[in-house]
Amino acid sequence: DTGVSQDPRHKITKRGQNVTFRCDPISEHNRLYWYRQTLGQGPEFLTYFQNEAQLEKSRLLSDRFSAERPKGSFSTLEIQRTEQGDSAMYLCASSRLGTGAYEQYFGPGTRLTVT
Amino acid sequence: AQRVTQPEKLLSVFKGAPVELKCNYSYSGSPELFWYVQYSRQRLQLLLRHISRESIKGFTADLNKGETSFHLKKPFAQEEDSAMYYCALSGRGTNAGKSTFGDGTTLTVKP
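Protein chains in written order, with the numbering used here: chain A, 1 to 115; chain B, 116 to 226.
Accuracy of the hints is not assured; some may be wrong.
[Stated by the list, open to error] Example chain A residues on the side facing chain B (calculated, C-beta under 10 Å, incomplete):
| no. | residue |
| --- | --- |
| 1 | PRO8 |
| 2 | VAL19 |
| 3 | GLY40 |
| 4 | PRO43 |
| 5 | GLY109 |
[Claimed, not checked] Ranges between beta-carbon positions, derived for each pair:
| no. | chain 1 | residue 1 | chain 2 | residue 2 | range |
| --- | --- | --- | --- | --- | --- |
| 6 | B | ASP218 | A | ARG111 | 38 to 46 Å |
| 7 | B | GLU123 | A | PRO8 | 30 to 38 Å |
| 8 | B | SER167 | A | LYS14 | 42 to 50 Å |
| 9 | A | GLU78 | B | ALA116 | 21 to 29 Å |
| 10 | B | GLU135 | A | ALA53 | 36 to 44 Å |
[Said to hold, decoys possible] Once the Cα atoms are required to be at most 30 Å apart in a straight line, the calculated DSSO-like pairs of lysine-lysine come out as:
| no. | chain 1 | residue 1 | chain 2 | residue 2 |
| --- | --- | --- | --- | --- |
| 11 | B | LYS225 | B | LYS172 |
| 12 | A | LYS57 | B | LYS180 |
| 13 | B | LYS124 | B | LYS172 |
| 14 | B | LYS188 | B | LYS137 |
| 15 | A | LYS11 | A | LYS57 |
| 16 | B | LYS225 | B | LYS137 |
| 17 | B | LYS124 | B | LYS137 |
| 18 | A | LYS11 | B | LYS124 |
| 19 | A | LYS57 | B | LYS124 |
Treat the hints as calculated values from the structure; they're not laboratory data.
Glycine included, C-beta positions come from ideal geometry on N, C-alpha and C.
Turn these sequences into a full structure, and let the hints guide you.
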């Protein structure tokens, strides 16, 4: 296991198109987090899962955003009808439960550009 | 509302000089505080966590609840410390790991 992986690393799409990103966490990690990072800012929390359950979804996420973790392993983040304001780096992180939840391991991110 | 503020976007010091990266936070409750680091072309990684009271790569950070600050310090900066540093806070219990980040400070250590 080489850590958290994300696919694709880069995505260029036209406004109005749908995109889907995938995150594969470290295999024994129960928690999985999605963050968004725009230029010059720190990561912003979007949503997180404990196993397959989505525990919370940020108010930042409009109805165009949806995330799943169907079997408690990998997760997908889908953005429908993309807008230019969606252009950002989308980061995934994973961690164990309990006190291990504080040690998050981040993936390399997926950079989305909406033209 | 929880918030993390890093007042310096850029910080430049000479090798061997002390360095302090500032972090202030607001949170209703008792948060966990962290410093993350991102080296050039690498992913974000945890540097240290306040509760562990460790010194990692010569860095330490003290939580000052009265001033709601968690400044990162190193007595003698090295060129390999050049990176982006993010301060972050997390709730506890169910909210453990759900983090709020500052906007980061880019540290440059000059030879």
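- Task: Run the structure past the numbered hints and jot down the numbers of the failing ones, going up.
- Result: Numbers 1, 2, 6, in rising order.
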